[in-house]
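Chains as they are written, first to last, in the working numbering: chain A, 285 to 739; chain B, 17 to 566.
By construction, these hints were calculated from the structure, which means they are not laboratory data. A virtual CB, placed ideally from N, CA and C, is assigned to each residue, including glycine. A portion of the hints provided could be inaccurate.
[What the hints assert, rightly or not] DEER-style ranges, computed between Cβ atoms:
1. B:Pro116 with A:Arg317: 49 to 59 Å
2. B:Asp115 with A:Thr296: 24 to 34 Å
3. B:Ala121 with A:Gly310: 49 to 59 Å
4. A:Asp685 with B:His297: 36 to 46 Å
5. B:Asn181 with A:Arg487: 50 to 60 Å
6. B:Ala153 with A:Glu718: 38 to 48 Å
7. A:Ala308 with B:Pro415: 39 to 49 Å
8. B:Lys82 with A:Val482: 15 to 25 Å
9. A:Glu542 with B:Pro90: 39 to 49 Å
10. B:Thr178 with A:Glu718: 28 to 38 Å
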Amino acid sequence: MPYEPVLLARVTKPGSGKLEGYRADGGYETIARVLKDKQPLDVVTQVKDSGLRGRGGAGFPCGLKWTFLPKDHPGPIYLCVNADESEPCTYNNRILMEKDPHQVLEGIMLACYAIKSQKAFFYVRYEYGDSYRALKSAIEELYAAGMLGKGIFGSNFDLDIVLHRGAGAYICGEETGLIESLEGKRAWPRIKPPFPAVEGAFRKPTIVNNVETLACVTQIMKRGNEWFKSLGVPPDPANPRDAGSYGPKLYTLAGHVEKPICVELPMGVTIRELVEVHGGGVWKGRKAKAINPGGLSMGFIDVNAPLKGADGKTEYDIPLDFNGPGRVGCLGLGTAAVTVIDDQTSMVDVLHNVCQFFSHESCGQCTPCREGTGWMLKITDRLRRGLGRKEDLDILVEVGDRIGIMPGTTICGLSDGAGWPVKTAIRKFRAEFEAAIKSGEKSKYAKSLALAGAH
Amino acid sequence: MPTVYVNDTPVEIGTKRLNCVQAAELAGQFVPHYCYHEALSVVASCRMCLVEVGDLKDGKVTMQPKVLPGCQTPVKDGTVIVTGEYAKRDPAVPALPYDPNYTKAAPPGERAKRAQADTLEGLLVNHPLDCPVCDKAGECKLQDFSYKYGRSESRMVDVKNTPPNKPQLSSTITLFTDRCIMCTRCVRFTREISGTAELQVVGRGHHEEIDVFPGRPLENKLAGNVVDLCPVGALGSKDFLYKQRVWYLKTVDGVCNRCSTGCSTYVDTNKDIVYRLRARHNPAAQGHFICDEGRYGYHHANAAERFVRPVAKVEGRFKPQPWSALLPQLKAELGAAVGANPKGVVAVLSPFLTSEEAFLLGTAFKALSADVRLALGPVPVVGTDDKYPKNVKGEPVEPVKFTIRAEKAPNRIGVEEVLKALQGELIPFASVAGESLSAMWFAGGYPEPSHLDALIPAGWKAPALLIAQDLLPTAMTASAKYVLPATTGFEKEGTFVNHSGYKQPLPRAARPPVETRGELQLAHDLLGRTGLVQPASVTKELAAAVPYFA
Numbered sequence: 285m286p287y288e289p290v291l292l293a294r295v296t297k298p299g300s301g302k303l304e305g306y307r308a309d310g311g312y313e314t315i316a317r318v319l320k321d322k323q324p325l326d327v328v329t330q331v332k333d334s335g336l337r338g339r340g341g342a343g344f345p346c347g348l349k350w351t352f353l354p355k356d357h358p359g360p361i362y363l364c365v366n367a368d369e370s371e372p373c374t375y376n377n378r379i380l381m382e383k384d385p386h387q388v389l390e391g392i393m394l395a396c397y398a399i400k401s402q403k404a405f406f407y408v409r410y411e412y413g414d415s416y417r418a419l420k421s422a423i424e425e426l427y428a429a430g431m432l433g434k435g436i437f438g439s440n441f442d443l444d445i446v447l448h449r450g451a452g453a454y455i456c457g458e459e460t461g462l463i464e465s466l467e468g469k470r471a472w473p474r475i476k477p478p479f480p481a482v483e484g485a486f487r488k489p490t491i492v493n494n495v496e497t498l499a500c501v502t503q504i505m506k507r508g509n510e511w512f513k514s515l516g517v518p519p520d521p522a523n524p525r526d527a528g529s530y531g532p533k534l535y536t537l538a539g540h541v542e543k544p545i546c547v548e549l550p551m552g553v554t555i556r557e558l559v560e561v562h563g564g565g566v567w568k569g570r571k572a573k574a575i576n577p578g579g580l581s582m583g584f585i586d587v588n589a590p591l592k593g594a595d596g597k598t599e600y601d602i603p604l605d606f607n608g609p610g611r612v613g614c615l616g617l618g619t620a621a622v623t624v625i626d627d628q629t630s631m632v633d634v635l636h637n638v639c640q641f642f643s644h645e646s647c648g649q650c651t652p653c654r655e656g657t658g659w660m661l662k663i664t665d666r667l668r669r670g671l672g673r674k675e676d677l678d679i680l681v682e683v684g685d686r687i688g689i690m691p692g693t694t695i696c697g698l699s700d701g702a703g704w705p706v707k708t709a710i711r712k713f714r715a716e717f718e719a720a721i722k723s724g725e726k727s728k729y730a731k732s733l734a735l736a737g738a739h
Numbered sequence: 017m018p019t020v021y022v023n024d025t026p027v028e029i030g031t032k033r034l035n036c037v038q039a040a041e042l043a044g045q046f047v048p049h050y051c052y053h054e055a056l057s058v059v060a061s062c063r064m065c066l067v068e069v070g071d072l073k074d075g076k077v078t079m080q081p082k083v084l085p086g087c088q089t090p091v092k093d094g095t096v097i098v099t100g101e102y103a104k105r106d107p108a109v110p111a112l113p114y115d116p117n118y119t120k121a122a123p124p125g126e127r128a129k130r131a132q133a134d135t136l137e138g139l140l141v142n143h144p145l146d147c148p149v150c151d152k153a154g155e156c157k158l159q160d161f162s163y164k165y166g167r168s169e170s171r172m173v174d175v176k177n178t179p180p181n182k183p184q185l186s187s188t189i190t191l192f193t194d195r196c197i198m199c200t201r202c203v204r205f206t207r208e209i210s211g212t213a214e215l216q217v218v219g220r221g222h223h224e225e226i227d228v229f230p231g232r233p234l235e236n237k238l239a240g241n242v243v244d245l246c247p248v249g250a251l252g253s254k255d256f257l258y259k260q261r262v263w264y265l266k267t268v269d270g271v272c273n274r275c276s277t278g279c280s281t282y283v284d285t286n287k288d289i290v291y292r293l294r295a296r297h298n299p300a301a302q303g304h305f306i307c308d309e310g311r312y313g314y315h316h317a318n319a320a321e322r323f324v325r326p327v328a329k330v331e332g333r334f335k336p337q338p339w340s341a342l343l344p345q346l347k348a349e350l351g352a353a354v355g356a357n358p359k360g361v362v363a364v365l366s367p368f369l370t371s372e373e374a375f376l377l378g379t380a381f382k383a384l385s386a387d388v389r390l391a392l393g394p395v396p397v398v399g400t401d402d403k404y405p406k407n408v409k410g411e412p413v414e415p416v417k418f419t420i421r422a423e424k425a426p427n428r429i430g431v432e433e434v435l436k437a438l439q440g441e442l443i444p445f446a447s448v449a450g451e452s453l454s455a456m457w458f459a460g461g462y463p464e465p466s467h468l469d470a471l472i473p474a475g476w477k478a479p480a481l482l483i484a485q486d487l488l489p490t491a492m493t494a495s496a497k498y499v500l501p502a503t504t505g506f507e508k509e510g511t512f513v514n515h516s517g518y519k520q521p522l523p524r525a526a527r528p529p530v531e532t533r534g535e536l537q538l539a540h541d542l543l544g545r546t547g548l549v550q551p552a553s554v555t556k557e558l559a560a561a562v563p564y565f566a
């Protein structure tokens, strides 16, 4: 039996973004009930017990994050909604915001009630004009209906939602970068600790949650933990640090597929199933070569590389849960934005594209990332001009290895994400890179080869 | 007692709250850094101070698996710091029991050493190797650290970014944009210390640059400090640019004489010419920084108009005189004036003199007759105290981090204390200026002639015998019978007492022009003592005679 979407249940309905329609589908009944029957701590406990992990990329347990707030803080406490969805090929939040904003807004209400916040900042990336307008009209509807502001739903709980439109920078999706940007500063990520839960926006305790996470909160509070835990993958008993991958997940498909689509599935679908069944296979009847399992920063899988110990299976068959991509050298699930690269695409071009993105988006605060991403771009640019040297590959892998928060050389994780695709691509497709260097062929896509990095 | 282990050496930190860089310094171990500065907020972005950090607990060292920025990592009892220099540690100190799993992957110190070398390689990716034409060469932290901690070869073969220079950044400072390593010390300085916030970072990634808002150049009275703060040759002082290669300069500790704050400085000279003043860290005086008035306030020492030899007015024109003939003549004329009416003779001692000079000159005049009066020279006061940081409206903000004082003289308190001790009362210049005097010795030394001119009363009539000793032409020297060259604050030794009573010794950084006889030597001669004066013995004499200096 095919899975019945929950988060995306309403997106195809006409006028799905309207308050009227949402209420007709039972919307805002959950928050009204919760405000009447439950204490904030009950909500925190339920979300924590549901095993919901953040959908923004890092997969940190959502309820656990909420418990990091200082106890009995006199306030104010803030909620920041991270809708700076800038990971390439990711658009699941956008669909939620454009087509069903009230589901997200109800999640915000629930989360704010749980963490005792009376103000939520909704940070929408600049490029999402439609999302911004949909959210704006939805929030205006709520204020007009008296469902935001003082004493919402007849309770004594006050809540304001401030919609903030960013100015277009990838780094604003990093939680402290987002907070800095919200405060009107350059989005330079802050040094942690203190974590935002202790000192965040405007130096007050702040929780930063992703849009999809909050939509999940709505559904968890509506349908209960049993429903949520019935979906997805339970924790690996062999790994005590695994918190499991429960619940539904929005997977977005992009790149060389027949049907670029956003589908909602229980966690743990394999890449093969996602691409072949839901995406209609690789386009133009070609075969997949590499796949990016969760946004560019997660790195690449080699579709044809056999999985160790799994008979006949390849990296194509890894499940897309929080642990799956990590098993084949990727950084993690990330945003679950699957990008397919077909077998006629040069990995040199792919890598150049990746490096261009990260070099452009590095905030430039820490030396290793600022210079490392720029250097990797210059090297890959040279590679695609056919001027590569064999030692370049070693330099790329070395630079990719040494930049990031994991080796401890940067403040935030951007450069882990910048290094990961570089080193996974070169490690997994080294032969292709070496052949390209040896042949000295120019990239066929490089029509105008402006020198990278030169002014 | 809380103890921290730096490369196995235990060091007690007491109750101080320190970061790893400071704790390592306590242990005598330097951790290189660019963005970290004691007076500025910590951003931990240059990643030069990476160290390995762990904990010693129950006889076991647990090291963190990744390198950490030392500037941002606080230490506590039992913290173990391993720097990149671990291999060069003191072999006499027994090694700590590091976890074998940690040392298996790489020996202690190896991770930090590699990370620092990687950071330097990164910094050099876009840094032009134009050291031969860079003003900072020789005192550049990028040069020094690359030499000490970096790789010897560059693996970068691509075209470097070459953003255009920004000489329009400020009237006093220029920016060599391509040399910048983005430590943002300058940006933080204008935000946190001057509060004027002219500087900012523009662009992203490796196209980032320091810049100002259009039409809002870096113009504030503390701006020159960003040049001192810049670890590389990116920010250059237009005043000093291309004047000297720094390895030719001799650096002497100095004290600024431009206001009563009495900032500690470094005086950089070559062949007795002062080329540059820089801030010297002294928490007792001013802290880390100096103002631009002081920083660029050395040009009077090299001014063309400066008096370099004694002159006497003959038929309305000044004629040079040899000291050998002049000194007996001065003594005779002063003696005659004192003999005629000692109350009509006044020695004016300016607040630019050192306490020793004021003491010895005062002693010399009191030796002529107890009735000769000593007056405190005019004390220039310009406006009000200028406090920093400022807010957007230009109002000072608490806590005050720097004050440029309205009193534009370095040693009013010192001279006052000497005068009080020598004659029991303090006579200001203004009260003797109105009198009809027979003789006046005016020991000036005003670096800014207009300050003195403003304080001479309009209808002032010079005494018949006016001996004025000063640096530059003023209304006082114009009406003098004899003009003697004075020495600048860089050319004398002694003690300045600042606004808060802090006594600061002042070594000599340069020799005065050859025909100049210093104030101290002149007082020594007037007292009839023979030979060269020994400033140190005068300091002892002063301490014995004036309890304030004891």
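Now for the hints, and whether the structure bears them out:
1. B:Pro116 with A:Arg317: 49 to 59 Å: holds (57 Å)
2. B:Asp115 with A:Thr296: 24 to 34 Å: Since the Cβ atoms of Asp115 of chain B and Thr296 of chain A sit about 57 Å apart, the hinted range of 24 to 34 Å is violated.
3. B:Ala121 with A:Gly310: 49 to 59 Å: holds (56 Å)
4. A:Asp685 with B:His297: 36 to 46 Å: holds (39 Å)
5. B:Asn181 with A:Arg487: 50 to 60 Å: Distance hint for Asn181 of chain B, Arg487 of chain A is violated at roughly 38 Å.
6. B:Ala153 with A:Glu718: 38 to 48 Å: Since the Cβ atoms of Ala153 of chain B and Glu718 of chain A sit about 41 Å apart, the hinted range of 38 to 48 Å holds.
7. A:Ala308 with B:Pro415: 39 to 49 Å: Given about 59 Å between the Cβ atoms, the range is violated.
8. B:Lys82 with A:Val482: 15 to 25 Å: holds (22 Å)
9. A:Glu542 with B:Pro90: 39 to 49 Å: violated (55 Å)
10. B:Thr178 with A:Glu718: 28 to 38 Å: holds (32 Å)
Hints 2, 5, 7 and 9 from the list above are not met by this structure, while the remaining hints are.
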